[in-house]
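K.L.:
Protein chains in written order, with our numbering: chain A, 1 to 654; chain B, 1 to 162.
Hints listed in this document are in silico derivations from the structure and should not be mistaken for laboratory results. Yeah, the Cβ is synthetic: ideal placement off N, Cα and C, and Gly gets one too. Just so you know, not all the hints are guaranteed correct.
Just so you have them, the derived chain B footprint on chain A, three or more residues with Cβ under 8 Å [claimed, not checked]:
1) 31-39
2) 228-234
3) 383-393
Facing chain B, from chain A, some residues (calculated, C-beta under 10 Å) [claimed, not checked]:
4) S2
5) D241
6) G325
7) D329
8) R330
9) S342
10) E347
11) I364
12) F370
13) V373
14) V377
15) E521
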Amino acid sequence: MSSLGFAAISIALAISIYVVIASIVAARRGYPELGSSSRNGMWAMAGLVTVASLALITAFLTHDFRISYVANYSSRDMSLAYTLAAFYAGNEGSLLFWTWLLSIFSVIVLRQNREKHRELMPYVTAILAFTQGFFLLLMVFISNPFETLPFTPTEGQGLNPLLENPGMITHPGPLLIGYLGFTIPFAFAMAALITRKLGDEWLRSVRIWTLIAWLSLTFGNIAGMQWAYVELGWGGYMAWDPVENASLMPWLTGTAFLHSVLVQKSRGMLKIWNMVLIILTFTLSIFGTFLTRSGVLSSVHTFGQSNLGPFFLGFIGLTLLGAFGLLFDRLSDLQSEDELDSFLSREAMFLLNNLFLVAATFAIFWGTVFPIVSEAVRGVKVSVSAPFFNNVVGPIFVGLIAIMGGCALIGWRQTTGRNLLRKLLFPSAAALALLVILLILRTGNWFAVLLFSLAGLVLLSIPSEWFREIRARHRAKKVNYWQAFSGLMGANKPRYGAYIIHLGLAILAIGVIGSSFFNTEKEATLDPGQEMTINQYTLRYEGIQSFETASRQVTSAPMSIFNGGELLGVLTPQKFVHRTHENPVTDVAIRSNLKEDLYIILAGWDGDTATFKVLVNPLVNWLWIGGIIMILGTVIAVLPERRRTATLPGEEKT
Amino acid sequence: MKLKTYALGLLAGLAVTFITATAAMADTPTVSSVGKKVICQCGCTLILTNCNHGECGPREEMNTIIANQISAGKSEGDIIGFFVDRYGPQVLASPSKSGFNLTAWVLPFAVLAGGGGILYYLIHSWVRRGQTAEASTAPEMAREREGYSQRLARDLEKFEQR
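Please model the complete structure; the sequences and the hints are all you need to start from.
P.N.:
In structure tokens, the structure reads:
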């Protein structure tokens, strides 16, 4: 298997070099046969990388521990799901996974555009082949997933116990799809710059890919937060770890791109800015891959020290230099076709949201690299952790929520101040009422109360605008409200998908505010039978239990949970030591409902005496529900649009 | 007029709430509040309250120091200063707000403010250029279009209020 896999990636590398050269020559000299040959080359690369990936998967399934990567990341006692997930659990395998998916996406793009964009496609092909070639080069010469050991171990190391969680199956894959997905809009953007075909054609072609990449990153980020919450066992879901930051940055610039592209489509403006955003989004996607492999920053997610860092840095530098150089050369072709009509227009609001999204990206980037900057400039090591990001990025996110509240209410071109105020009347009055109620209830933190009412403003302003549009259709078409609603949804999925995404984001924000500002925590050392209280809960420690499974030495400490004397159930926090990893892993116990999570960590024990850290995290489920709603909204936005013959009020394109 | 008064009232209300909220933030040290501002020295790179290693000597030691110093009446600043003297500035969960480290705190907001300034200038010039072009090329057409725009806005408003 190792020879087959290595041969496949080596041949694929050679073909990628051929495809890059052949595509460019075919485009420049106009040789259609060569162009066709380069496209066939892409299919051959996809086939070869698929063979290599299947070879590695087979090696995992057959426990071929002679392959170093298989021995390092799997063992015979692992379930089928985790054995398959081990494919991308380490550095070498994740590079192969990245390349495999990109090769498949690339041939889908070629197939989709076989009769379209004849001038763009050779350059799109060259850029996609160049990116794949870079990853193949790393695997062939530096980080070979098929490297063999001089002997065959009888058993493998197994997966890091922290990764043996369903979140391990659900979050890295979508994150990688999100990262590599942005390669396609980037390739089209560069092809448009090279060929000077800078109209809307390339934007139309990349819309679906941008949304798929964004959807995957959204899902990956939320699933990653959920994994961190249940598996890392410190009571939170976002530690602002460098690798978490790296996955958030392309999501933010990708979000900005999704908004500003609408301005280019509807008004022919922001062409330069859109180019800048897609270059940044692609580069930040590679930056995330660089962070996990370079060892320049410490993180729970890194693959340990590797010598790939300089190669990634070189690739990022080359991309930035080439892309911005090309953009600079084509500035005169990217002139705006229109002017803005008013500050009170959706175009201006999208620009404002872009400003905040890019500022948030910069703040996260600056905070992430500041330890390196400080050491390079002053020779002093500093740490930049959650308190910095909460204080710097937090207020920028608050600004974004506020903009989101107004955005849906402001139309394209121009909205009169009077009209806007009239639309804002109900949602802002209700948000103000919420503010007053929360203040009267003395919920504690005034700033959090203000944030709740802002999120409330978004939650009310979008449905009120939606209802206004449904009512307009109901009156104009003389149909009932349900028919008006489904008619609108069917006629303009991107617009209403976006409404749902924003509602989801507001619900997610409520979860973040609740769990960040109102959480309670308590630590106690208890003997069996002793109790501790936190908020309305009483927890009785029932005694320590130790047992062994096939792969683990487990210590558990069941606690009976009471609320007002009523037994709610028994929660069992655990710690376990995996047979092949000496560090103990925390397995938290969580009792969860819409109001709050009771989160119990077994911090340590001495004989029968155990120490617990207990947290009450309010509204955490709102975060996950908001995330699911965002994903649902994106799926609706991605669905193909129904052909329309006429446009009614409320059906304008977003 | 009513709407304008309402909007001004709303803005004033929000401003007062925000200022009061900021002023209300209190500073009473606890093991948890100090622990959230320093990094555990076991090498996990997590803030002290988040370190969940089974048997973590540095975490226990740091927590004990914080508890003892709070009992001795030390302020949060004193306790954090003690850790900085002992472990160096890397123990802080975020850079200090002085000297070169100030750039970490200020630069993101400077980018936001600078970007905001550029954005204001761009939108302002686009809007003005659009109006000038419209007025100079076809003043009558522009007036006519303005008339239609106002009428459309009025009609839409009436339609929605029906």
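K.L.:
Please go over all the hints and tell whether each is borne out by the structure.
P.N.:
Against the structure, the hints:
no., hint, verdict
1, 31-39, "violated (count 0)"
2, 228-234, "holds (count 3)"
3, 383-393, "holds (count 9)"
4, S2, "violated, 35 Å"
5, D241, "holds, 8 Å"
6, G325, "violated, 23 Å"
7, D329, "violated, 22 Å"
8, R330, "violated, 20 Å"
9, S342, "holds, 6 Å"
10, E347, "holds, 9 Å"
11, I364, "holds, 9 Å"
12, F370, "holds, 5 Å"
13, V373, "holds, 8 Å"
14, V377, "holds, 6 Å"
15, E521, "holds, 6 Å"
In summary, the numbered hints that this structure violates are 1, 4, 6, 7, 8.
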